[in-house]
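These protein sequences, in sequence, are chains A and B.
If you're matching positions, the first sequence starts at 195 in the numbering used here and goes up one per residue.
If you're matching positions, the second sequence starts at 5 in the numbering used here and goes up one per residue.
Bear in mind the hints are in silico, worked out from the structure with no lab data behind them.
All of these numbers come straight from a predicted model, not from anything done at the bench.
By construction, the Cβ of each residue, glycine as well, lies at the ideal position given by its N, Cα and C atoms.
There could be a bad hint or two in this list.
To be verified - Taking lysine to any residue pairs in the SDA-like style, the calculated list, with each CA pair at most 20 Å apart, reads: (1) Lys423/A with Arg167/B; (2) Lys423/A with Arg320/B; (3) Lys423/A with Gly251/B; (4) Lys423/A with Thr60/B.
Claimed, not checked - Beyond 10 Å from chain A on every Cβ pair, some chain B residues (computed): (5) Glu294; (6) Ala304; (7) Ala403.
Spelled out from the first residue to the last, the chains are:
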Amino acid sequence: MLEPYRVLDLTNERGLLCGQLLGDLGADVIQVEPPGGSRARRLGPFAGDVPHPDRSLYWWAYTRNKRSLTLDVGRPAGRDLLMQLARTAHFVIESEDPGALARHGLGYDDLAAVNPALVYVSITPFGQSGPRAGWAASDLVLWAAGGPLVLTGDSDRPPVRLPIPQAYLHAAADAAVAALIAHHERAGSGRGQHVDVSAQQSVALATQSYILCDAVGHPPVRRSAGGLKNGPLHLRLLFPARDGHVAITFLFGSAIGPFSRRLMEWICEEGGCDAATRDKDWIAYTEALLSGAEPLAEFERVKQVVEDFTRARTKAELLEAALARGLLIAPVAAIDEVLASPQLAARDYWQDLPHPELGRSVRYPGAFARFAASPIRPGRRPPTVGEHSDEILRDALGLDDAARARLRAEGIT
Amino acid sequence: VSTRALADVRILDFMWVMAGPAATRMLADYGAQVVRVESTRHIDTARTLAPFHAATPGPENSGVFQNLNAGKRMLTLDLRTPEGYGVALDLVRWADVVTESFAPGRMRALRLDYETLRRVNPRLVMVSTCLMGQTGPRAGFAGYGNLAAAISGFSNLGGWPDRAPAGPFSAYTDYVSPRFLALAILAALEHRRQTGEGQYVDCSQAECSLHFLGPALLDYTVNGRVAGRVGNRDRDAVPHGVFPAAGEDQWVAIAVETDAHWRGLCAVLERPELTRDPRFASAEARRTNESALETLVAAATAPRDRHALAAELQARGVPAYAVQNSPDLVRDPQLLARGHFHQLDHPTYGAAPVEGSRFVLSRTPAVIEGPAPTYGAANEYVLRDVLGYDDEHITALVASGALT
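Modelling step: build the complete structure from the supplied sequences, incorporating the hints.
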């Protein structure tokens, strides 16, 4: 789909996913790294637990379908080569602090001057503008700044993040969408533009619009392990199973209430509760609790009924019942269980990419969508440091053997 | 003259609840013409979700629904009536893209599956999304993003090693997958622009969201290690966590990634002697003594104002931020400066607060054309202005009961 286009990917760990997605869609993505390799290559875990720039699993996760060019853009000769590449590139993606590339003469204005059709995408913690654009950030800090963090965790302990960093992935995925919006417009106008992505704003999506509580007049909700506290209501969405945990959408109202009724019908059938408990009005249950018509203590009892029921059954039993009865229950899967999923196997989801330098293949996540007419093909494995420097300098810039040898000798590439 | 980047993109949107509408909201912000079909009988779950205006539940009161559907035209339509089905096919002829997020098989039952619709509009792009994909033994597993977050490995990872999983918040994958959906729509349109060919796209919420767990999946496939819950600890930064601040249930997030950050933290906490404490002299030493370190830091942060403390740490280059809930977020100087919040004119409330685009396009910025319509409020526009129906036709449709 994007086969006609070339991407210059200058990002570090903040933005790698954006270029990988464009590469998945067929673009020729050149990952430009400083000599010695990107700082993202220092992020663990590492293959075999051996720290090495070519063994970072973070790097592997987000640089498939890219070619690596090492280039010292801080030196004039390196900058000139990048400018030459930018003349014919269609996208540039970068994730340095605001203004950092402009100080090297590689900001949007610099590149647009030589290639007005360029779509130049900047991914930063807080965006290019605003009083805190220069603030230092990390995954945890962005999760706090954008709102999802406060909603998550046990109520008697601090709010807690996911240990697999998420914030910059939200931003980088947004950046890929933004790049294609700008690209679509360019097809008509012939003109590029600057795309400015703020990770703080991107992660706010994961608040499920609770960011707006104060603006609409709803009291702020608070965290409660596997659920949330909405005023006096302690909603619960995770329950124990005999062999782990399950997620249940145990909520009420006209859309979800009927599912909760079916769950209570099953529990009653199996002797887990009496008919009066089963026959509560699960559609209007929230309103009954808020008005006091249903005591909050009774809701606590109901959640205990559900817990006692699920605790006596395995995740697989609960999932089978969910499928047979139309219930909103799913197993809480550990990573090994995700890899063993019969659904993902049946859909041939995983892709095994050969790593010849390791003498083995590595199993990666597969296509993010199934395009019937233009399928995403298994790609190339993540590049080693500078793996494609020579071919890019030769083919994209037309440099002869002597010129390339000189650049190598001078440490430019 | 402001230009709309996607002004020539017409989307007939049958998606509902959260993930799908979040995707088409991104495209509507940049000018895509989105006509969303909904039923007043089978209510959109998003209309039943908090936060609510004045904390009052009701189908026109949901802040979630309004946030995800601003800028769209909505048509209330009963697809099971012949008249409603006819309107749907006219919209298919109008559309470049049809999107839907029902359980697999539902569109076929409604005679709105891709094979049927491509005969009506041969250049059509159609994108389906559901939890597990359109095929496979679990295709019929329907539900919400909290279930996809559980089954694809997210929920198990959030929380404390000595406690049950706390998960990421609520329907997490509903807030990962919209970007992949929007990307799939734009990529399929690009393919059509190059080749003239429409196509069908199947986007599984679980499959696309797994890209956000890439390093953990590889740690298993390469090293055989199954990631577990670790609270807020980090592979590299130490101390790294959420520490108490003054006030009830108030917190500040701090990430010490370098020795310079550590010295900055000690200075701001007015504990300069800690920089000379051998237990904390290097990242390795701090890792070894992390529990003691966390206790010391928590004691020092507890009386401090969370915003002032974060600002002082930032002045020394230390990554830190107040852990913000809604009252903080809607006053956050950075979000305000970025224009993150918009007040849209609303017939019921006067103003409907929504979030803006999460990114800026310098030459063709986002424009939110209006609030999410109340039930039926945009029907006239869709039927008359989009489809060109005349008075007689519209009157007959109203009388048929199809517009419900």
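Please check whether the beta-carbon of Glu294/B is more than 10 Å away from every beta-carbon in chain A. holds (15 Å)
Is the straight-line distance between the alpha-carbon of Lys423/A and that of Gly251/B 20 Å or less? holds (18 Å)
Closest CB-CB distance from Ala403/B to chain A, is it above 10 Å? Its Cβ never comes within 10 Å of chain A, the nearest being 27 Å, so this holds.
CA of Lys423/A to CA of Thr60/B, is that 20 Å or under? holds (16 Å)
With the threshold set at 20 Å, check whether the alpha-carbon distance from Lys423/A to Arg320/B stays at or below it. Status violated; Cα separation ~36 Å.
Is the nearest CB of chain A more than 10 Å from the CB of Ala304/B? holds (15 Å)
For the pair supplied as a hint, Lys423/A and Arg167/B, confirm whether the alpha-carbon distance does not exceed 20 Å. holds (18 Å)
The structure fails to meet hint 2 from the earlier list, while all remaining hints are met.
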